[in-house]
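Student: So the protein lines, in turn, are chains F and W.
Sequential numbering of the first sequence, starting at 4, is according to the numbering used here.
Sequential numbering of the second sequence, starting at 430, is according to the numbering used here.
Please keep in mind that the hints were generated in silico from the structure rather than gathered at the bench.
Please read all numbers here as calculations on a predicted model, not as lab measurements.
No residue lacks a Cβ here, since even glycine has one placed at the ideal position from N, Cα and C.
A portion of the hints provided could be inaccurate.
[Stated by the list, open to error] To give a feel for the contact side, a few chain W residues facing chain F, derived at Cβ under 10 Å:
| # | residue |
| --- | --- |
| 1 | ARG453 |
| 2 | ARG463 |
| 3 | TYR466 |
| 4 | PRO483 |
| 5 | LYS487 |
| 6 | ALA490 |
| 7 | HIS492 |
| 8 | VAL500 |
| 9 | PRO557 |
| 10 | VAL558 |
| 11 | GLN880 |
| 12 | ARG883 |
[Stated by the list, open to error] A few chain F residues that face chain W, going by a derived Cβ cut-off under 7 Å, partial list only:
| # | residue |
| --- | --- |
| 13 | ALA40 |
| 14 | ASN264 |
| 15 | LYS266 |
| 16 | TYR288 |
| 17 | ARG291 |
| 18 | ASP295 |
| 19 | ASP298 |
| 20 | GLY299 |
| 21 | ASP302 |
| 22 | GLU403 |
[Claimed, not checked] Some chain W residues well away from chain F (every beta-carbon gap over 12 Å; in silico):
| # | residue |
| --- | --- |
| 23 | THR687 |
| 24 | THR774 |
| 25 | ASN776 |
| 26 | GLU789 |
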Amino acid sequence: MADLSVNLAGIKSPNPFWVASAPPANTAYQCHRAFEAGWGGVVWKTIGDPIVNVSSRYSSLDIGGNRMVGFNNIELISDRSPETNFREIAECKKRWPNHAVIASLMTDTRENWHDYMKRSVDCGADGVELNFGCPHGMCERGMGSAVGQNPDVIEAIVGWVMEVAEIPVIVKLTPNITDITRPARAAKRAGADAISLINTINSITQVNLDNFCPEPYVQGYSTHGGYCGPAVKPIALNMLQACASDPQVGLPISGIGGIGNWKDAAEFIALGATSVQVCTAIMHYGFRIVEDMIDGLNDYLDKKGMASVNELRGRAVKSVDKWETLNLNYKRIADINYDKCIGCNLCYIACEDGAHQAIDLVDEGGRGLGPGRLPGKKIPQINVEHCVGCNLCSLVCPVENCITMVDVETKKPHMSWKEYQTKLAAGEIERIPAHP
Amino acid sequence: MTLKPRITAEAASQSMAEIEPKYRPQEAKVEADRCLYCFDAPCIMACPTGIDIPGFIKKIATHNLTGAARVILESNILGASCARVCPTSVLCEGACVMLDRDEKPIKIGRLQRYATDHVFDNKINVFPVKARPNGRKAALIGGGPASLGCAAELARLGYQVVIFEKKPEAGGLNTYGIAYYKLTPEVSLAEVNLVKSLGVEIRTGIEVGKDIAMDKILAEYDAVFLGVGLGNTLKLDIPGEDKQGVVEALEFIDWIHTRPLHQVPVGERVAVIGCGNTAIDAVTQAKRLGAKEATIIYRRGEEDMPAYEYEYEIAKKDGCAFLFHTAPVEVIGNGSVTALKLVKTRNNAEGKAEVVPGSEFTKEFDMVIKALGQQKQVSMLKKLVPDLALDKAGRVVCDAQTGQTNVEKVFVGGDARNGGREVVNAVAEGKKAARGIHAWLGGQVTAGPVQNSRLGNKDGITGSGFDHPARVPELEAAYYQSKNEVRHG
Ligand SMILES: Cc1cc2nc3c(=O)[nH]c(=O)nc-3n(C[C@H](O)[C@H](O)[C@H](O)COP(=O)(O)OP(=O)(O)OC[C@H]3O[C@@H](n4cnc5c(N)ncnc54)[C@H](O)[C@@H]3O)c2cc1C
Ligand SMILES: Cc1cc2nc3c(=O)[nH]c(=O)nc-3n(C[C@H](O)[C@H](O)[C@H](O)COP(=O)(O)O)c2cc1C
Ligand code: SF4
Ligand code: SF4
Ligand code: SF4
Chain F
4 MADLSVNLAG IKSPNPFWVA SAPPANTAYQ CHRAFEAGWG GVVWKTIGDP
54 IVNVSSRYSS LDIGGNRMVG FNNIELISDR SPETNFREIA ECKKRWPNHA
104 VIASLMTDTR ENWHDYMKRS VDCGADGVEL NFGCPHGMCE RGMGSAVGQN
154 PDVIEAIVGW VMEVAEIPVI VKLTPNITDI TRPARAAKRA GADAISLINT
204 INSITQVNLD NFCPEPYVQG YSTHGGYCGP AVKPIALNML QACASDPQVG
254 LPISGIGGIG NWKDAAEFIA LGATSVQVCT AIMHYGFRIV EDMIDGLNDY
304 LDKKGMASVN ELRGRAVKSV DKWETLNLNY KRIADINYDK CIGCNLCYIA
354 CEDGAHQAID LVDEGGRGLG PGRLPGKKIP QINVEHCVGC NLCSLVCPVE
404 NCITMVDVET KKPHMSWKEY QTKLAAGEIE RIPAHP
Chain W
430 MTLKPRITAE AASQSMAEIE PKYRPQEAKV EADRCLYCFD APCIMACPTG
480 IDIPGFIKKI ATHNLTGAAR VILESNILGA SCARVCPTSV LCEGACVMLD
530 RDEKPIKIGR LQRYATDHVF DNKINVFPVK ARPNGRKAAL IGGGPASLGC
580 AAELARLGYQ VVIFEKKPEA GGLNTYGIAY YKLTPEVSLA EVNLVKSLGV
630 EIRTGIEVGK DIAMDKILAE YDAVFLGVGL GNTLKLDIPG EDKQGVVEAL
680 EFIDWIHTRP LHQVPVGERV AVIGCGNTAI DAVTQAKRLG AKEATIIYRR
730 GEEDMPAYEY EYEIAKKDGC AFLFHTAPVE VIGNGSVTAL KLVKTRNNAE
780 GKAEVVPGSE FTKEFDMVIK ALGQQKQVSM LKKLVPDLAL DKAGRVVCDA
830 QTGQTNVEKV FVGGDARNGG REVVNAVAEG KKAARGIHAW LGGQVTAGPV
880 QNSRLGNKDG ITGSGFDHPA RVPELEAAYY QSKNEVRHG
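The task is simple: from the sequences and hints, build the whole structure.
Tutor: Below, the structure is given as structure tokens:
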């Protein structure tokens with residue numbers, strides 16, 4: 004049994020799994036249920052001047068039989084009063100002293116930020132998270148992503164907060180920006196203790212083709228909603244890695260975006276997250292999903308011989324680098340396992356029409372019939388000369404481990420684009436001929 | 430005597446191979462992803478041991494196979510054999526919500542097997558932490574599924590547990606009785622080892638009441654659990670029953686489990702009397718082991734037979750024959766059986782089978798297998814615990830939730846309590862009795878692993894099947910009857 008406990012800038016929790024600031028973290032009742040189920044922390048639904056929500060708030064991207072692959076919402080911050088929220092946080096802390104309860108805040112003036120910070124300390128919260136991310140509604144009022152998209156404003160506001168901060172301050176970033184490291188650096192400059200990312204992404208998930216209005220709609224009109232759920236994970240991982248590897252950021256990170264199981268969480272941790280936060284997966288299945296997260300992460304760490312989750316943190320950060328550092332002389336090609344191939348020829352047509360015409364359809368030629376192959380039916384064969392090792396066929400193939408990518412010995416030394424340019428300039432080598 | 434082995438080792442290994450092969454990883458993943466992960470899932474309610482089915486399936490979907498197996502084995506220590514032998518179509522899978530979406534139910538049994546095989550095949554210890562001893566001792570009589578279920582639960586509550594089993598190996602009918610093509614003795618014995626690994630001591634070859642006195646056990650232990658199962662097969666009570674070639678179903682099935690398959694003697698033309706699940710097991714295995722003809726003889730009609738639908742399908746697929754509305758009146762033969770004298774029967778006005786006058790005929794058989802059901806162990810139970818209350822059917826009377834009998838110290842579970850149901854019922858009753866023992870001795874019993882809804886676990890069919898087992902066909906029948914409706918589709 005590995006040690007799952009984490010410490011994010013002084014906020015301690017028994018495991019890295021936190022409920023993200025969102026509807027699952029709305030009330031003390033939900034907070035109790037979350038901790039009972041096994042969650043290590045809860046970031047309270049963003050507290051601010053109580054808002055009024057519209058009716059019909061969510062929409063989703065469904066793919067095939069899978070519901071909510073992507074999820075969007077046009078909800079605002081908490082619709083409950085700050086008094087109620089802070090009182091309930093105090094209740095939760097009393098009952099769960101060893102779990103992390105973090106107050107998420109959003110307000111405007113310096114006085115108000117000071118006031119909310121003090122009340123957060125008074126209610127016993129372990130830390131605060133500043134919501135500079137909400138991409139709808141709140142930004143029109145000069146808050147949320149309107150702040151998060153402007154590094155100077157971030158720096159100023161975080162500065163105000165730090166003037167009175169007695170507990171750790173996490174800055175939650177919006178992904179609706181070109182370079183995520185800029186707001187992250189601004190938070191650092193202003194003295195924040197940690198960052199969390201990502202909040203939701205601007206989106207329209209679908210258009211109703213009968214009334215010509217995107218979902219979700221409010222009496223015939225819609226608005227841009229915040230996108231999250233499994234589909235946003237790659238975007239979140241990318242931004243997480245960018246911040247984790249940037250020496251000018253250098254802050255502990257709470258990773259958010261599309262996490263639904265222990266594997267997702269482990270990937271975030273490997274790319275530098277200390278804790279992870281979950282919203283959509285809880286909204287889909289309830290708090291009980293944390294049980295597999297704890298169990299699965301534990302089992303994985305045991306298998307890898309890691310005594311603590313901290314040993315996993317950041318393990319993959321270094322293996323992401325600039326394109327110009329990648330080895331141009333490395334080669335891999337596709338390899339078909341004919342014992343597994345079912346003869347769907349999806350690999351063939353993908354490569355033929357969508358890639359490099361490196362798969363031929365040939366006679367079965369003594370390879371025998373695999374499962375589902377008709378006698379006399381041609382089978383796909385990789386043309387090793389033409390295969391550029393793009394992975395496409397192996398991604399398309401519906402049979403697990405049927406097409407694998409195998410390394411080819413090129414007998415050429417390591418040479419990155421950068422080295423290539425230097426050697427070329429020095430006249431040490433010939434230009435690599437263009438692809439025919 | 431014409432009973433002799435009729436099949437080569439190679440042919441036997443094929444004909445007796447498990448009917449549902451193991452999932453390949455991708456099949457398991459695809460099936461697991463199909464599960465909706467229902468809350469308060471009906472499949473859980475229909476599992477007598479209350480396994481958190483969506484919980485373990487979700488773990489298969491995330492490749493957390495060890496975790497999946499742990500979820501299963503925590504609720505049901507015999508999860509690997511139950512995965513193979515449970516009548517899933519009337520239990521968990523019969524309750525799956527997919528059926529109401531006009532889709533195939535999730536293959537819970539096969540997924541359960543996939544997860545449990547993973548830990549058994551790879552020798553992964555899913556219960557590395559031993560319970561702290563609580564200083565109490567319990568004796569479990571019989572080493573079948575009921576006692577194993579009870580033992581695992583007691584061991585995990587900190588008890589020192591000793592099982593007394595009269596046979597050379599523990600496992601009960603799982604080791605010696607279930608159809609070979611569903612469950613091999615190896616799987617059963619691996620589960621016995623899992624129970625041992627929890628610290629349970631199993632003393633085999635010891636018959637309580639003969640090799641050790643019950644009084645001694647009652648004096649030495651804080652609590653006693655009766656998991657003695659049922660007794661021998663009922664008699665035919667017809668002339669010629671003692672001829673050679675007439676065997677009890679359980680004896681024939683025992684041969685299958687204790688000898689190499691190609692050395693199990695079978696007749697060329699085999700009659701099986703009765704039409705329960707045991708009869709089906711006997712007739713299909715006789716056929717699979719080389720009998721030319723294997724015929725079920727049943728005094729009622731197809732619609733009356735107690736065997737499950739899918740069991741009947743297996744027998745038909747195996748090419749077994751069925752003589753419905755037929756009853757044996759005499760075993761014919763000179764020393765060994767050569768034929769059966771039979772009569773036709775019909776259901777009378779009260780629905781009882783009666784003989785059709787003048788319908789007598791004979792049919793050649795060289796082996797007759799008696800499968801009329803097992804007797805209750807009334808005399809043995811009375812001898813072991815003279816004050817023990819039994820009902821009219823010979824079942825031990827007990828409290829439904831705790832398994833406690835009228836003799837305070839004595840608890841009961843399994844076939845001896847329910848008159849003969851399934852392995853999973855035996856495990857669940859064993860587990861219930863363990864908790865009953867613990868509560869009776871002043872211990873605290875914790876709730877199941879599933880998080881309740883806001884409304885909590887109310888009485889009735891919500892929550893875990895362990896607390897409120899629901900049998901789908903029975904519930905549905907009762908529901909439609911109460912509405913005076915016939916179910917369509
Ligand atoms: C042929 C057959 C096929 C079956 N097929 C299925 C199936 O496919 N699926 C399914 O779910 N169920 C099936 N069952 C039912 C299932 O096997 C039983 O419900 C289950 O084994 C009951 O468990 P138990 O522990 O109560 O009894 P048993 O399994 O009968 O175990 C009782 C044990 O107690 C021992 N014992 C008895 N008296 C003493 C004593 N005095 N001292 C020491 N030891 C003693 C016995 O030797 C035995 O090992 C089948 C049953 C039969 C007969
Ligand atoms: C309905 C809804 C409401 C949300 N409200 C807030 C909020 O009040 N404050 C906040 O910081 N983030 C809010 N979020 C964003 C989530 O905290 C989280 O950053 C985002 O959903 C990505 O994680 P996920 O993919 O696990 O859902 C909300 C998300 C959703 C879906
Ligand atoms: S999820 Fe609940 S609140 Fe939302 S629309 Fe459905 S019933 Fe109403
Ligand atoms: S995609 Fe895979 S299964 Fe289909 S033909 Fe190609 S190799 Fe075979
Ligand atoms: S009822 Fe079916 S779909 Fe629902 S949790 Fe159970 S197995 Fe999955």
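Student: Determine for every hint whether it applies to the structure shown.
Tutor: We went through each hint and held it up to the structure:
no., hint, verdict
1, ARG453, "holds, 8 Å"
2, ARG463, "holds, 8 Å"
3, TYR466, "holds, 5 Å"
4, PRO483, "holds, 9 Å"
5, LYS487, "holds, 6 Å"
6, ALA490, "holds, 8 Å"
7, HIS492, "holds, 7 Å"
8, VAL500, "holds, 8 Å"
9, PRO557, "holds, 8 Å"
10, VAL558, "holds, 8 Å"
11, GLN880, "holds, 5 Å"
12, ARG883, "holds, 8 Å"
13, ALA40, "holds, 6 Å"
14, ASN264, "holds, 4 Å"
15, LYS266, "holds, 6 Å"
16, TYR288, "holds, 5 Å"
17, ARG291, "holds, 5 Å"
18, ASP295, "holds, 5 Å"
19, ASP298, "holds, 4 Å"
20, GLY299, "holds, 4 Å"
21, ASP302, "holds, 5 Å"
22, GLU403, "holds, 4 Å"
23, THR687, "holds, 38 Å"
24, THR774, "holds, 49 Å"
25, ASN776, "holds, 47 Å"
26, GLU789, "holds, 54 Å"
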